[in-house]
Every structure is written in C-alpha cells, then in structure tokens.
Amino acid sequence: MEKEKAIKIIENYISRMPSMPTTVAKVLKICNDPQTSPVDLNQVISLDPVLMGKVMRLINSAYYSLPNQITSLVRAIIMLGLNTVKNLALSTAVLGSLGKGSDFQALNMEGFWRHSICVGVTAKLIAKHRRVDAKLCDEYFMAGLLHDLGKIPLNNRFADLYVRAIAVTDREHLPLYQAEEKALGLNHEEAGKLIVESWKLGRNIIDVVSFHHNQESYAGDNCELVSTVNVANYFANTYEIGFSGDRYPGQLAPAVMGDLGIDWDFLEGLEDSVNGEIEKAQIFLQVAD
Amino acid sequence: MADRRDDIRLRFWGVRGSIPCPGPETVKYGGNTACLELRFGEEERLIIIDAGSGIRELGNYLMKHDLPKGAIKTKIYLTHTHWDHIMGFPFFTPNFIPGSEIDIYGPVSYEDDTLDKIVGGQLSYRYFPIRQSELAAKIQYFNLKEGSFDLGDDLWVTTKFLNHPILVLGYRFQYRGKVICTAYDTEPFRNVFAQSPDSPGYDEEAVREGELAAQEENEKVLQFLSGADVLIHDSQYTQAEYLASRLGWGHSSFEYAINSACKAGVKKLLLFHHDPLRSDQELDDLHEKYNSIVEGRTDLEVEIAREGMEVEI
Chain A
7 MEKEKAIKII
17 ENYISRMPSM
27 PTTVAKVLKI
37 CNDPQTSPVD
47 LNQVISLDPV
57 LMGKVMRLIN
67 SAYYSLPNQI
77 TSLVRAIIML
87 GLNTVKNLAL
97 STAVLGSLGK
107 GSDFQALNME
117 GFWRHSICVG
127 VTAKLIAKHR
137 RVDAKLCDEY
147 FMAGLLHDLG
157 KIPLNNRFAD
167 LYVRAIAVTD
177 REHLPLYQAE
187 EKALGLNHEE
197 AGKLIVESWK
207 LGRNIIDVVS
217 FHHNQESYAG
227 DNCELVSTVN
237 VANYFANTYE
247 IGFSGDRYPG
257 QLAPAVMGDL
267 GIDWDFLEGL
277 EDSVNGEIEK
287 AQIFLQVAD
Chain B
458 MADRRDDIRL
468 RFWGVRGSIP
478 CPGPETVKYG
488 GNTACLELRF
498 GEEERLIIID
508 AGSGIRELGN
518 YLMKHDLPKG
528 AIKTKIYLTH
538 THWDHIMGFP
548 FFTPNFIPGS
558 EIDIYGPVSY
568 EDDTLDKIVG
578 GQLSYRYFPI
588 RQSELAAKIQ
598 YFNLKEGSFD
608 LGDDLWVTTK
618 FLNHPILVLG
628 YRFQYRGKVI
638 CTAYDTEPFR
648 NVFAQSPDSP
658 GYDEEAVREG
668 ELAAQEENEK
678 VLQFLSGADV
688 LIHDSQYTQA
698 EYLASRLGWG
708 HSSFEYAINS
718 ACKAGVKKLL
728 LFHHDPLRSD
738 QELDDLHEKY
748 NSIVEGRTDL
758 EVEIAREGME
768 VEI
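Protein chains in written order, with our numbering: chain A, 7 to 295; chain B, 458 to 770.
Worth flagging that the hints you see were computed from the coordinates, not collected in a lab.
Certain hints may be false.
[Said to hold, decoys possible] Lysine-lysine pairs mimicking DSS-like chemistry, simulated, CA-CA at most 27 Å apart: (1) A:K60 / B:K532; (2) B:K526 / A:K92; (3) B:K677 / A:K206; (4) B:K602 / A:K60.
[Claimed, not checked] Stretches of chain B that chain A covers, calculated by requiring three or more beta carbons in the stretch to come under 8 Å of a beta carbon on chain A: (5) 593 to 605; (6) 615 to 625; (7) 649 to 658.
A virtual CB, placed ideally from N, CA and C, is assigned to each residue, including glycine.
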C-alpha cells in the first residue's frame, strides 16, 4: 500500500477511534450512574489508552490557556469537571469497541490491552524505583499505556495487511515494526505519532510513541522516559504479559538498562506486582450482568 | 452633565438563576434570569452579558432608547449555554430589525455542537414560530476560549474558565483603568478525589494531586478577579445549603463569594444568580446578615443584585 494513502486513512480514523472492549462496559456503567464516582471514572479512563489520550487531548487543547502541559488525569478531571469527562467517555464508548475476537484482526484486543497496561505499570514501577518525583510517575504510566496506540488503526483499518505483517514477523523472525513497514509502508511508531500529534499530547508522549523501538536515533530531552518505556516494553514482550504482536522484538541496546541504573534481576522481580495490578484492573472492569 | 468619557455603567435586567420566577415573592429583586447591560464611555457602547429571560425587556428598552439614534450593533457575551442564560434570545426584539448587527460569543462544551446550533437552534419551528434564518438582523456566532481580546477604543475583555457542570466563562472587562468582572455560574474547585485512607482503591498520590489542583485552580480564579471595581458573583446558596446537598451543582455560596471578593481585593461585590426559591424577604434578611458580618472588617461593599439596579464605575 502507498504510504500516503495509508496516512490519509489513519488521519480520518483518529477522530472516531473507539474504546477498548475490555473497558467499554465499565465506562458505560460508571458514566450512566447519576452518582458517578470520580475515583472510578479516573480508574477506568486510566485503563484505556484511547480514552486517556482523548481526555489529555481535551485538557491540553487550545480551550485553556495553560502555561504547561497537563499530564495528570486527576488534575484533568478536576479542571474539566465530571460531566465533560463523562460526556467524552460516553461519546467514545458509543462509537463501539474495537472488537473482541481475532477472526478478522491480527491482534486480539484483550491481549493488546494487557500489554498496554503492563508497559504502563512497569514504566511507573521503574520510575518509582529510580525515585522519580511522585508527580511525574503518572506521566511514566501514561507514556507506557499509550506507546503502542499506532497499532490500533493499523489493526483495525488494514486488517488483512496487518495479518500479513504479523505472519512476516513469525516467518522471518523480524521485529513487528519492520514487518509493518514491509506490509503497509509504515510502522506503528509513525501511525502512533500521527495520533498523538493530532491530539497534541505533548513532546514527552510524542517522543515515546515515535521512538520506543528506535531509541538510538533519539536525541531529544525525554531520554529517561523513552528508555524506561523501551525497557518496560521489552519486559512485557519477553515475559509475554499480554500480546502486542511482537514475538521477535529487537534486542535492547546494552547501555539502556545501565543508564537507568536497573538490571534484569530487578525487572524479574516486578513480574508479580505487574500481574497483580493487571488482575486488580480486570476485577475492577468486571460488570455484573 | 458629568464627564462620562471613562465610565462603565451596568444595569441588571435579570438576576435570577435556573428559571424565571415571577410572583408576589420576587417583586423587589425580580424574577427574570441572567441578563446584564454594560455601557462604556460617552458613546454608550453597548455590551450585553447573557441572554436569559431579562434580555426581552432590555430589547424593548433598546428599541426606544438606542434605535432612534441608529441601528443596534452589539456583542452578547454568554457565560455558558445553560437554558437560563440563553432562553430570552428568541424574544430579543432587535433580532427582528433590519440593520441590527449582533455578535454572539460564548464557550461550547462539546466540540460537535456549535454556538449557532445551541443558541440559534432555539429559533426553529419545534420551539418557536420563527426560524433563525428568517431574522432580519445580521447575527454572527463566535466560539470563545480562554484569552484576552482587544475590543477597540481601550476596551479589553479577558476570559477565564470557571467551575460548573459545563464550560463557563468568567468575563473581565477592562476600560480606561476600570474593571468589571463576572464569576457565575461557578462553585469552588474541590478535590473530588478526597477519600479516607481506609476506603477501597485509596490512592494517596491522587488525593494529594487533587488537593493541589483544586487549590491552584481556585487561586487562578482569585487572580482573575483581582482588584476589580465591581464583581458580579454567583451566590445561589447559603454555605449551609451548599454543604448540605448542593456540592457539584456548580454554584457558590454567599460566604464563598464574599470571601473571594475580600481576598481578591474587590471594591464592590454584587451577589447574583438568586435561587428561584429565594423570596424578597429572605434576600433582604441575608443582605442584612452578611453586611453586619462584613461591616467594619473590610472596605468591601456588598450588595444584592436586583432587576433594574444600576451601578456606575
């Protein structure tokens, strides 16, 4: 497929990207409750990369003359107000969800969701371990949660080609982003960049989305954040917590972990906490029939 | 005749919140919903804030007072699009007069809708016998965000988002060294994430961040009001009513309005957006009560806004 044509299709898709199937029922339940709990609303949004991105887009839009980028969902909810956030969540939820099954899609959305949460939680745990300012830890979570956003349009708007891309990774043992380039003419970093730039999510998130596989070519100011998500992503793929299509991710550059002051033993030690967080999230998202 | 070159003059045409409430209990303060007439300088340049039911009477006044001098050209600044702030618009007579030019500014909460559709949409056969496209006036809509805007002839308006269930703008008009501000409909920002440590899902960082965010947002509002000669502030409830069952409804208490005005160094506070259930007698009593508390402790002048009240700065 021609790259320009693919870009056009993705750009058209951005404004109507729906929620994750894993969260949509809970979003509807929370938002249709006249006594919506802000704590629940905060939690369900933070478990959905599309919703999280859309709320951050709204608060950082030209509506507010803000001196700094807002990166905290708690702050965004207080400033925007519950109704506005509920309305946004509901209007996203009624766009339908991204489909549960894998019949027509290469990536199963349940697996993709687990992967996204895993990378978010892991990035935050690494940041905490490194004694990053508590206020910035949410930014690490958000960056991890959103890093693979670009796969959503690829998986949903180019389903056949994406099945082929994943088959190429399996057959040729290639990292997924390279297989995507072969099949589609662009990779999920480029697709994701289109989304987060369109949503004006701030340099930090744009850098993570654009460079989480190509850190060696990154020379910006958010090195620690990009490295952390890069490592968290590698950890999620290696431990197969969730599945995001990358069965053969490239090796991490050797210096990355050293620069962050962590090692593989530390990451191994995170597995239980990460799985515990995902399990808690799943219990929270369960909606009784 | 006094020199009016630098004056701002304000007149209330509607002071009530939520719904018009005419009747024997509301004769003194009035039953119409929000509408303010502002006049600047000796040219008597006209700016209108809000198009609640009070704008009907203002329209009639303009027909007598302004139209004989020339076509009516004005800007209407809507604080928000809740019904009580836009419901009078179809009954604003200058809409029907050829030559009228009316620019309408306001915030829009949900991006899919336009101000034209929300406000002008009231003029459709479903609600009203005349459609917007049949109006003789030239009406234009402008979606407003936070910012500072030069309106010409030394008049500036600065806008600030306040705290209400939909987007609401406070307006700060500045004219030749004088300032008039609105802060309605709004309630204090509060930490909606405040929880006791033993509640399920307790998140210490969220509680802390929420506390900080609420404080900072309230501080920004105070800065916005800072040093105003006149402040028109939401005071739909008493603090006791507010705390008992009105948290999150988007309105302030008398106490909060008075405290904010004091902190912001405001000279004159006009309490506004009266609850439809509030009788003249109750408003008189509240006026007396709060004035006796404030008196001697601050230079702040506190009045209760009344339909027909005129204030000159």
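Count the residues of the stretch 593 to 605 of chain B whose Cβ falls closer than 8 Å to any Cβ of chain A, and tell me whether that reaches three. Contact hint for the stretch 593 to 605 of chain B vs chain A: holds, 3 residues under 8 Å.
Taking a Cβ-to-Cβ distance below 8 Å as contact, does the stretch 649 to 658 of chain B have at least three residues touching chain A? Satisfied; 4 residues make the cut.
Coverage criterion applied to the stretch 615 to 625 of chain B (partner chain A; beta-carbon cut 8 Å; 3 residues): holds (count 6)
Holds or violated: K60 of chain A and K532 of chain B, Cα atoms, limit 27 Å. The hint is violated at about 33 Å.
Decide if the proposed pair is consistent with the structure: K526 of chain B and K92 of chain A, CA atoms, cutoff 27 Å inclusive. At roughly 49 Å apart (the allowed maximum being 27 Å), K92 of chain A and K526 of chain B break the hint.
Hinted pair, alpha-carbon criterion (27 Å max): K602 of chain B, K60 of chain A. Please report holds or violated. Satisfied, since the Cα-Cα distance of roughly 19 Å is no more than 27 Å.
Within 27 Å, alpha carbon to alpha carbon, are K677 of chain B and K206 of chain A? holds (24 Å)
The earlier numbered hints that this structure contradicts are 1, 2.
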